[in-house]
Amino acid sequence: MMLETVTQSKTSSPMESTFDPIVTAVLSELQTDEHLTLQLTGEQSQFVRFNGAKVRQTGSVSDGELHLTLMKGDRNGYREFSFTGKLETDLPQAQAALKELREEVLQLPDDPYLVLPSGNATSHEVNAGKLLIGGAIASSILPEVSGLDFTGIYAGGSLIRAYADSAGQKHWFATETFSLDYSLFTADGQAVKGTFAGSEWSQEAYAAKLAESKLQLERLSQTPKAIPKGQYRTYLAPAAVAELMGMLSWGAVSESSMQRGGSALGLLQRGEKQLSPQFTLRENFSRGLVPRFNSWGEIAPVELPIIENGKLVNTLINSRTAKEYGKTANGADGGESLRSPEVSPGNLAATDILSKLGTGLYLSNLHYLNWSDRPTGRITGMTRYACFWVENGEIVAPIENLRFDESLYRCFGENLLDLTDFQEFIPEVGTYSNRSLGGIWVPGALSEEFTYTL
Amino acid sequence: MISELLRAIESLDVPADWVGLRAVKESVGVRAVRDGLPRSNGKSVNQGVMVEVLVKGQIGYGATNSLDLDSLRAAAKVAYEQAIAASPWAIYPLTPAARPKVVGEYVSPFVKPLDALTPGEINDLLVQLCKTLKVSDQIVQAVATAIANETETWFVSSNGSEVYQKLVMLETHFGVTAQDGAIVQQRSNNGYLAHCYQGGWELFPEPNLWERAAQVGEQAVELLTAEDCPSETTTLVLAPDQMMLQIHESVGHPLELDRILGDERNYAGGSFVKPQDFGQLSYGSKLMNITFNPTVPGEFASYSFDDTGAPATREYLIQEGILQRGLGSLESQARTGVPGVACARASSWNRPPIDRMANLNLEPGTDSFEALIGDVERGVYMESNRSWSIDDQRYKFQFGCEYAKLIENGKLTKTLRNPNYRATTPEFWHSLKRIGDNTTWQMYGTPFCGKGEPNQVIRVGHGSPVCVFEDVEVFGGGE
Ligand SMILES: [Zn+2]
Numbered sequence: 001m002m003l004e005t006v007t008q009s010k011t012s013s014p015m016e017s018t019f020d021p022i023v024t025a026v027l028s029e030l031q032t033d034e035h036l037t038l039q040l041t042g043e044q045s046q047f048v049r050f051n052g053a054k055v056r057q058t059g060s061v062s063d064g065e066l067h068l069t070l071m072k073g074d075r076n077g078y079r080e081f082s083f084t085g086k087l088e089t090d091l092p093q094a095q096a097a098l099k100e101l102r103e104e105v106l107q108l109p110d111d112p113y114l115v116l117p118s119g120n121a122t123s124h125e126v127n128a129g130k131l132l133i134g135g136a137i138a139s140s141i142l143p144e145v146s147g148l149d150f151t152g153i154y155a156g157g158s159l160i161r162a163y164a165d166s167a168g169q170k171h172w173f174a175t176e177t178f179s180l181d182y183s184l185f186t187a188d189g190q191a192v193k194g195t196f197a198g199s200e201w202s203q204e205a206y207a208a209k210l211a212e213s214k215l216q217l218e219r220l221s222q223t224p225k226a227i228p229k230g231q232y233r234t235y236l237a238p239a240a241v242a243e244l245m246g247m248l249s250w251g252a253v254s255e256s257s258m259q260r261g262g263s264a265l266g267l268l269q270r271g272e273k274q275l276s277p278q279f280t281l282r283e284n285f286s287r288g289l290v291p292r293f294n295s296w297g298e299i300a301p302v303e304l305p306i307i308e309n310g311k312l313v314n315t316l317i318n319s320r321t322a323k324e325y326g327k328t329a330n331g332a333d334g335g336e337s338l339r340s341p342e343v344s345p346g347n348l349a350a351t352d353i354l355s356k357l358g359t360g361l362y363l364s365n366l367h368y369l370n371w372s373d374r375p376t377g378r379i380t381g382m383t384r385y386a387c388f389w390v391e392n393g394e395i396v397a398p399i400e401n402l403r404f405d406e407s408l409y410r411c412f413g414e415n416l417l418d419l420t421d422f423q424e425f426i427p428e429v430g431t432y433s434n435r436s437l438g439g440i441w442v443p444g445a446l447s448e449e450f451t452y453t454l
Numbered sequence: 001m002i003s004e005l006l007r008a009i010e011s012l013d014v015p016a017d018w019v020g021l022r023a024v025k026e027s028v029g030v031r032a033v034r035d036g037l038p039r040s041n042g043k044s045v046n047q048g049v050m051v052e053v054l055v056k057g058q059i060g061y062g063a064t065n066s067l068d069l070d071s072l073r074a075a076a077k078v079a080y081e082q083a084i085a086a087s088p089w090a091i092y093p094l095t096p097a098a099r100p101k102v103v104g105e106y107v108s109p110f111v112k113p114l115d116a117l118t119p120g121e122i123n124d125l126l127v128q129l130c131k132t133l134k135v136s137d138q139i140v141q142a143v144a145t146a147i148a149n150e151t152e153t154w155f156v157s158s159n160g161s162e163v164y165q166k167l168v169m170l171e172t173h174f175g176v177t178a179q180d181g182a183i184v185q186q187r188s189n190n191g192y193l194a195h196c197y198q199g200g201w202e203l204f205p206e207p208n209l210w211e212r213a214a215q216v217g218e219q220a221v222e223l224l225t226a227e228d229c230p231s232e233t234t235t236l237v238l239a240p241d242q243m244m245l246q247i248h249e250s251v252g253h254p255l256e257l258d259r260i261l262g263d264e265r266n267y268a269g270g271s272f273v274k275p276q277d278f279g280q281l282s283y284g285s286k287l288m289n290i291t292f293n294p295t296v297p298g299e300f301a302s303y304s305f306d307d308t309g310a311p312a313t314r315e316y317l318i319q320e321g322i323l324q325r326g327l328g329s330l331e332s333q334a335r336t337g338v339p340g341v342a343c344a345r346a347s348s349w350n351r352p353p354i355d356r357m358a359n360l361n362l363e364p365g366t367d368s369f370e371a372l373i374g375d376v377e378r379g380v381y382m383e384s385n386r387s388w389s390i391d392d393q394r395y396k397f398q399f400g401c402e403y404a405k406l407i408e409n410g411k412l413t414k415t416l417r418n419p420n421y422r423a424t425t426p427e428f429w430h431s432l433k434r435i436g437d438n439t440t441w442q443m444y445g446t447p448f449c450g451k452g453e454p455n456q457v458i459r460v461g462h463g464s465p466v467c468v469f470e471d472v473e474v475f476g477g478g479e
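Top to bottom, those sequences are chains A and B.
All residue numbers in the first sequence are consecutive under the working numbering, ending with 454.
All residue numbers in the second sequence are consecutive under the working numbering, ending with 479.
Calculated from the structure, these hints are not laboratory results.
Glycine residues also receive a C-beta, built at the ideal position from the N, C-alpha and C atoms.
Check before you lean on any hint, since a few could be wrong.
[To be verified] The list that follows gives simulated cross-link-like pairs (lysine-lysine, DSSO-like), each with its CA atoms no further than 30 Å apart:
1. A:K323 / B:K131
2. A:K229 / B:K131
3. B:K25 / A:K99
4. A:K193 / B:K274
5. A:K99 / B:K405
6. B:K43 / A:K99
[Unchecked claim] Over 12 Å on every C-beta distance to chain B, these chain A residues come out as not near it, computed from the model:
7. Q57
8. R79
9. Q95
10. P109
11. S257
12. E272
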């Protein structure tokens with residue numbers, strides 16, 4: 001007997017039929033000198049956590065928050081409360097929040113850089129998926145990995161991001177996605193990492209992905225080799241490059257950070273350091289994995305170059321920063337972080353990676369990155385998962401993990417030899433507070449003299 | 001709330017071996033000012049219920065932010081189905097012993113309630129702080145933040161548990177960025193948001209607040225012209241505001257039993273500690289006494305019961321350098337046979353409890369600060385964490401601080417900037433040579449300990465004296 005294991009859900013959401021009347025009701029209560037934005041985050045999520053090809057924890061979460069910002073004169077404040085999708089519960093909360101905010105903003109100091117909602121953007125995007133039903137997750141995933149030391153998490157379900165304001169702007173973004181973020185371990189603790197993500201579960205594609213991981217696992221069967229600290233030519237696979245690029249959203253590409261000494265790209269902007277002409281980074285929303293609207297309801301351009309051929313051509317500038325520093329906003333969000341980044345590919349073919357690496361380190365992943373000296377672009381972190389010592393274009397053995405401490409200006413500047421001619425999509429699988437959306441498209445990178453310190 | 005949850009539990013019709021309901025309501029007021037202007041003002045209230053159902057040796061959970069009876073019943077049904085579906089693959093057959101009956105209450109100690117100051121009064125204080133911090137035109141950013149958090153938890157279960165806990169917490173931060181061309185330095189009040197405590201507005205403003213703010217500003221400017229920390233292997237003296245991070249990353253996380261069991265290997269990582277190490281491994285020098293202590297009044301992660309109802313008590317994890325006990329819940333203790341503590345904690349109603357730190361403290365020794373420094377011929381004294389990174393086995397670490405002083409012939413001399421150090425965990429803790437007394441002991445906290453799948457961020461507290469470590473590799477910034 002075939003059990004139904006996949007569900008395809010309807011595109012209309014009860015969340016939307018609650019959000020809409022709340023928006024209408026609350027906006028109708030505004031006085032003439034008041035402005036309001038409403039931001040909704042919601043999810044219906046299924047989580048199954050695995051260890052040793054067994055289930056550690058399993059459950060489902062229905063969650064949502066509505067965030068109201070009231071602006072009056074140059075003053076503003078917010079209230080956020082649980083959004084249940086039930087009008088009789090949520091509407092009185094929204095009305096009470098508005099009342100509280102009216103009293104609170106009177107006491108607050110003026111904010112000269114407050115940006116009132118002003119545009120006329122609207123959007124409506126609903127992406128339905130085909131996801132495993134809760135009861136079918138373990139039975140779909142685990143038989144494929146029986147006998148293996150498989151650990152990780154399946155997270156899937158619907159996600160909502162919505163926005164409305166007193167200027168009449170309105171956005172609705174709903175999507176259904178899943179991610180299976182996993183590791184396969186050898187008996188002595190070596191591991192390969194895999195991520196299988198999308199909006200339609202396919203048992204065949206899952207099996208194919210695992211077959212790839214199992215093959216990689218076999219290469220880890222040798223005893224790991226301890227590599228002395230020093231500088232080695234290094235191939236950073238796309239997942240490792242993605243980790244390094246993630247640092248750029250933490251005090252680098254933000255104009256607000258740049259203005260007050262908090263950016264690692266200050267040296268690049270002032271022309272005191274260069275990045276390689278092979279290095280190009282842009283925001284690219286064309287794949288539609290994340291909403292293009294921000295917390296002012298503005299729509300970001302489909303593409304925005306940040307670093308073009310090694311030159312800083314744009315920082316991320318939101319409307320508030322633009323007002324504060326006399327710049328032109330480019331659709332950035334509140335934190336001026338990368339939302340849909342892409343690093344352009346280079347010329348290195350997959351088949352040439354090992355031969356071009358010659359002798360050095362092949363790194364599949366990196367772990368626990370932090371700025372060791374942000375103004376000079378220096379990052380420290382660890383190698384992790386399926387990392388190998390390579391000699392004369394041949395993999396010799398997996399390595400014991402190494403600590404690196406290296407500047408962006410070296411590894412993506414003077415020492416960058418090439419980028420791969422292909423990109424991989426590294427999905428954002430984080431689930432702090434709520435499930436993340438999107439990810440990054442990146443090539444692998446071959447770099448000279450990458451510095452290992454411990 | 002308790003009576004509503006009890007009514008809900010009575011109305012459930014799932015044929016389970018055990019059912020628990022944990023409701024959480026978290027109210028957070030945020031006031032943040034930058035350069036004397038408001039950056040964030042508001043309040044969030046987040047609430048919901050997690051229903052846990054134990055059947056066939058497996059727990060399933062259903063979590064919802066709808067508190068009505070129908071929604072709770074639906075969540076219980078989902079939880080039951082989850083448990084049944086997963087039970088053929090259960091990692092360990094749990095029994096209701098993992099969720100013992102418990103009845104009790106805990107309320108954080110506080111003097112001035114969280115509504116004692118108005119939003120306007122708090123903003124006035126923070127604006128004034130920014131002004132005090134800006135001691136020079138070279139200060140390019142001054143920030144001040146106060147976050148008032150009240151978190152209530154209600155826990156009831158089918159085996160008679162009834163717990164209410166109310167945490168009243170205040171988190172404050174201030175700091176600056178100083179810049180001179182390409183040279184940029186940051187200095188803050190003991191590291192980012194390190195002033196996290198249970199209590200009310202009696203904690204802020206502190207009596208020495210304005211002097212401290214001026215000092216933070218002045219030290220940032222001082223760092224602009226300071227020498228870089230030298231690269232050498234030397235004596236390292238760490239202040240309690242850096243020891244917090246040192247204890248957290250290189251003692252707390254590696255002792256979590258779920259990491260040792262492998263639950264966490266796909267995310268935060270495993271541990272170099274093995275189950276057989278408990279009771280015998282020499283983790284550090286004889287001066288090292290680490291306690292799990294949820295009973296310290298005012299420390300950030302004090303409580304009476306964890307999120308599964310286990311009563312929380314003070315326990316030695318490491319005594320005279322020997323590893324005694326793990327950070328493991330009743331579930332992890334059953335799975336490993338290793339003694340643990342009441343540390344099954346969830347970040348909120350929408351995440352299941354996992355093994356966490358709470359308050360993890362290094363117990364003081366007998367030396368005054370003067371005696372510690374006076375004994376050092378050459379070394380570096382570092383304050384306030386700025387950078388942190390450690391491997392997935394919690395073995396090879398590199399940490400950086402905001403501010404340092406060279407120690408020469410028993411005296412603090414030149415100021416040093418960009419101080420960093422790196423080492424491996426066991427070697428480092430074995431190099432602990434002297435340890436400060438009560439007068440050097442300080443406690444801090446952080447709301448940012450991240451772990452778990454799905455991810456959870458949780459509050460921890462850490463207290464420590466000033467400590468002296470021998471032969472540590474220190475170095476500076478730049479290329
Ligand atoms: Zn942590």
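Results of checking the hints against the structure:
no.	hint	in the structure
1	A:K323 / B:K131	holds, 22 Å
2	A:K229 / B:K131	violated, 46 Å
3	B:K25 / A:K99	holds, 21 Å
4	A:K193 / B:K274	holds, 23 Å
5	A:K99 / B:K405	violated, 52 Å
6	B:K43 / A:K99	holds, 13 Å
7	Q57	violated, 5 Å
8	R79	violated, 6 Å
9	Q95	holds, 14 Å
10	P109	violated, 5 Å
11	S257	violated, 9 Å
12	E272	violated, 6 Å
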